[in-house]
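> Each chain is listed here by its residues.
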Amino acid sequence: MVEPVLHLENLRKNFGGLVVTDDVTFDVAPLELHAVIGPNGAGKTTLINQISGQIPCDAGQILFAGQDVTLLPVHSRAALGLARTFQITSVLPGFSALENVALAVQARSGTSLHFFGRADTEAALNDAAMAALADVDLADRAHVAAGHLSHGEKRALELAIALAMQPKLLLLDEPMAGAGREEAERLVAVLRRLKGRLPMVLVEHDMTAVFALADRISVLIYGRILASGAPDVVRKDPRVIAAYLGDEME
Amino acid sequence: MSGGPQALPVAVGARREAIVGLMSLSLLLVQTLNGLQLGVLLFLIAAGLTLVFGVMDFINLAHGVQYMLGAYFAVMFYALTGNFLLALVLALLAALAFGLLLEFSIFRHLYDRDHLDQVIATFGIIIFLNQAVKLVWGAAPLSLPMPEILSGSVSLMPGLIYPVWRLVIITSGLAVAALLYGLVTYTRVGMLVRAGATNAPMVSALGVDIRRLFMIVFGFGTMLAAFAGVMIAPILSVEPGMGDTILILAFVVIVIGGVGSIRGAFLAALIIGLVDTLGRSFSVDILRLFMAPSPARTVGPALASMLIYLLMALVLYFRPTGLFPAKGR
Amino acid sequence: MSVSAFLRAMLTTLRQSWAGLRQWPASDVAPLVLFIVFALIPVFAGTGAEIYLLSLFTRVMIFAIAALALDLIVGYGALVSFGHAAFVGLGAYAVGILASHGISEILLALPLAIVVAGLFAFATGLVCLRTKGVYFIMITLAFGQMAFFTASSLAPYGGDDGLTIRARDTLLGFAILKNDRALYYAVFACLLGAYLLCRAIVGSRFGRVLRGARENPIRMASIGFEVFRYQLIAYVISGALAGLSGFLLANATSFVSPAYMSWQRSGELIIMVVFGGLGTLYGAIIGTAAFLLTEEWLSGLTEHWKVIFGPLLVLVVVFARGGLVGSAAKLAHWLGDDPVGRGKESAAAIQADILRRAQALRTLASGHSARLRPLMHTCCNGAGRAARRLRDEIAGLSSQLTRRFRGG
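So the protein lines, in turn, are chains C, R and S.
Our numbering runs 62 ahead of the 1-based position in the first sequence.
Our numbering runs 123 ahead of the 1-based position in the second sequence.
Our numbering runs 58 ahead of the 1-based position in the third sequence.
Be a bit skeptical, because a hint or two may be false.
As the list claims (entries may be wrong) - Beta-carbon label-pair distances, calculated as ranges:
#1 S417/R / L184/S: 29 to 39 Å
#2 P416/R / G217/S: 12 to 22 Å
#3 L393/S / G78/C: 32 to 42 Å
#4 L329/R / Y284/C: 39 to 49 Å
#5 T368/R / V173/S: 28 to 38 Å
#6 L184/S / A415/R: 43 to 53 Å
#7 G330/R / P135/C: 34 to 44 Å
#8 R170/C / A415/R: 21 to 31 Å
#9 P324/R / R170/C: 32 to 42 Å
#10 M280/R / D120/C: 50 to 60 Å
#11 D182/C / A262/R: 47 to 57 Å
Calculated directly from the structure, the hints in this document are not laboratory data.
C-beta atoms are modelled at their ideal positions from N, C-alpha and C, and glycine is treated no differently.
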């Protein structure tokens with residue numbers, strides 16, 4: 063019986079009178095890519111935000127790598143190995159792509175209470191950062207300021223930052239959002255390479271990507287998990303088709 | 124009931140205590156009214172400040188000099204016309220004109236800049252105007268006489284005599300507050316202002332001429348500050364730099380009340396007015412309950428002047444964005 | 059060798075050295091020049107009328123230390139403290155209070171000044187750093203005012219009027235600061251040390267976290283940094299450094315007063331940093347010098363110098379973005395005799411413009427896509443398909459543009 067990397071138990075979140083997360087129980091097995099799909103407003107991003115700690119949950123439990131992280135702040139969960147990308151790209155625009163990633167490496171490489179000695183020349187940090195950039199095909203843009211990268215490149219950079227944390231779990235919040243056809247294909251290729259290296263939770267609207275990558279799919283409708291299982295099972299589930307997939311699958 | 128000679132000293136002692144009690148009570152009431160007056164004044168200034176900040180995201184340190192200019196303009200127009208009411212109206216118009224001039228020439232360029240630049244630019248305006256009024260009107264304090272009929276005192280209750288003019292300030296200030304509340308809650312412009320304070324870019328995206336809204340908000344705020352300056356001028360002296368201390372207090376008000384919120388500014392202004400006034404009057408007495416008279420007399424005033432800052436620190440500790448921020452928590 | 063050949067050789071050497079010097083980054087040349095000028099001032103302020111230069115520049119350097127401390131958290135941390143004068147005042151009062159009890163030993167007063175200021179920064183930072191934006195500005199102002207009022211009420215230490223200090227502090231009995239020139243060089247050494255310390259901090263691991271937190275605190279938290287802790291440490295270092303400035307101020311003026319802690323003084327410190335250019339460290343020094351020297355010069359011209367100074371501040375803020383350093387950089391760019399470079403720069407500018415527009419297209423497409431998504435999934439098959447096609451076309455066009463102009 064393998065213990066799940068992430069386990070959500072009866073998670074609940076209200077915004078005023080609106081129930082956004084309705085008694086969600088959710089598992090991520092080690093090394094699986096678990097996709098979460100659902101219509102807009104289903105509460106997917108809120109769910110991710112509760113897992114990463116940006117929003118506190120109202121009730122329920124979050125177990126990550128065997129530890130109860132329900133009350134831990136964002137940075138503590140990150141330090142334990144929980145990495146995420148953001149739906150609206152969030153990088154450090156004034157820093158180069160390399161430094162963006164190097165900071166993530168720095169976070170897990172001993173203390174940052176060093177007041178002397180230049181950080182940008184630390185070979186160990188830079189090497190690990192370049193490796194992460196290579197993983198997402200961004201190595202040739204390492205020295206460009208992150209603010210000057212194209213949208214797709216910024217997305218890739220976010221992924222590189224997350225990978226540089228050597229995370230135990232990767233949360234991906236709509237990585238294909240706003241990506242053109244080729245960019246989406248590129249990202250799918252990158253994610254396919256990463257599959258099997260580490261467990262991932264993928265929130266996505268792009269069904270092509272989801273069905274190409276997911277080991278398991280959970281469908282979130284109005285804050286509740288309607289169905290959860292292997293992709294083929296889910297795509298044939300009549301409730302899911304009625305509520306969400308509809309004419310998408312033709 | 125015991126009668127006779129023994130009853131007399133007891134009765135006299137009781138009467139003396141009653142008189143002393145009445146005096147303390149009337150002192151408390153007077154200071155409470157003074158606190159209300161300060162609060163109302165602070166609200167008039169803070170209202171403009173919080174709206175400008177909330178709708179335009181613009182920190183206007185020069186708001187204090189608008190208050191000062193209102194007083195100076197009133198002095199000038201009174202010298203010309205001899206009529207307080209006329210001087211008040213003219214001063215408001217002059218202050219409005221001057222404020223719009225400032226907005227047009229300088230502030231307009233600062234809306235897109237970050238708060239730091241706004242702080243420094245408006246700080247520069249304070250330095251300039253404090254010196255300019257010295258040039259124009261001289262450094263000596265000036266005075267503005269209040270209208271004859273309102274210059275006396277009235278007896279509110281036995282032993283409690285209070286100046287009429289201060290009551291005028293309180294009532295006019297409350298009237299303006301009510302007017303402002305009505306405007307903001309029940310008119311279309313008011314709704315736009317409230318929307319703008321919550322999310323200005325969205326309001327602009329909805330097709331509203333946000334620049335004109337800014338001008339209306341700014342102009343109104345300027346007149347409120349000038350009005351406060353004119354009303355307080357008969358009591359305080361009109362001198363350069365009179366806007367500086369009140370500016371800091373006004374900022375404390377909007378921070379405690381929550382940026383962009385008129386309701387928050389009103390509540391916070393009254394609280395601060397009362398806390399500051401009552402604190403200064405009774406700090407020594409209250410401290411005397413806990414310590415000897417001599418240290419109480421030194422610690423008291425110091426503590427009293429810090430009181431509102433302690434209050435602000437406390438509020439911000441529990442509510443880092445104030446009590447009723449317009450943009451929500 | 060003929061005269062003309064010699065002159066030609068001289069000119070070539072000069073031009074080459076100038077080119078070589080210009081290769082040095084401005085951020086190294088400027089502070090070097092600055093410190094050389096400061097070091098030479100006492101030489102020029104020999105005797106006679108120029109003696110006032112010595113005390114003027116002592117004051118400039120003392121406030122430059124405080125401005126450096128402020129730049130550390132404002133320029134590199136985006137924490138706008140409107141109460142920094144309180145730390146300076148606390149350092150000064152440490153000296154004054156000890157002196158009034160007969161203690162004038164540097165080895166006691168200096169550490170005390172730094173520690174007291176640092177502790178105050180720690181205690182107030184715990185509260186202040188929970189807020190941000192204008193609330194942070196106001197709460198730092200509040201604590202500054204509290205320090206000011208406390209000092210005003212300290213009757214045994216002068217209260218409102220302040221406290222005169224009979225003599226400057228001594229080191230183990232030696233009156234090393236008594237001579238004005240000696241004091242000048244002591245302050246110079248402190249400024250140099252403070253500058254080098256800040257420079258090291260800014261480039262270190264700690265500094266990188268601080269700078270990252272300035273750009274995007276949410277991102278920093280999600281990679282595992284507890285932003286609050288780093289900001290608090292920076293705040294304490296900044297406060298302690300300002301306390302050093304206060305120690306030197308008290309010794310230089312032999313006087314302490316609550317006015318050292320007023321909010322106007324805090325405002326002036328902010329102006330000094332912004333005047334010079336935020337986030338460059340040597341900009342803080344330049345800004346302080348510019349501010350104090352302008353003040354000195356203008357007040358010599360007219361009694362009403364503030365009428366000129368005020369608008370000057372406004373103009374600098376409105377038009378000279380990036381302060382003196384930023385404006386100088388722009389000027390250097392324009393004056394640069396590098397037509398090819400300038401040409402390349404404008405080509406780069408055009409390129410960047412196109413990339414920006416391509417990005418805008420993409421954002422527009424994704425925006426529309428987000429709004430149309432519910433349509434795409436729940437109904438209106440035809441409309442959904444058309445919307446998706448449009449989105450893909452826009453995105454395709456945008457990535458074509460990006461690829462074409464990025465590659466060049």
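> Could you tell me which of the numbered hints above are not met by this structure, giving the numbers in increasing order?
3, 4, 6 and 8
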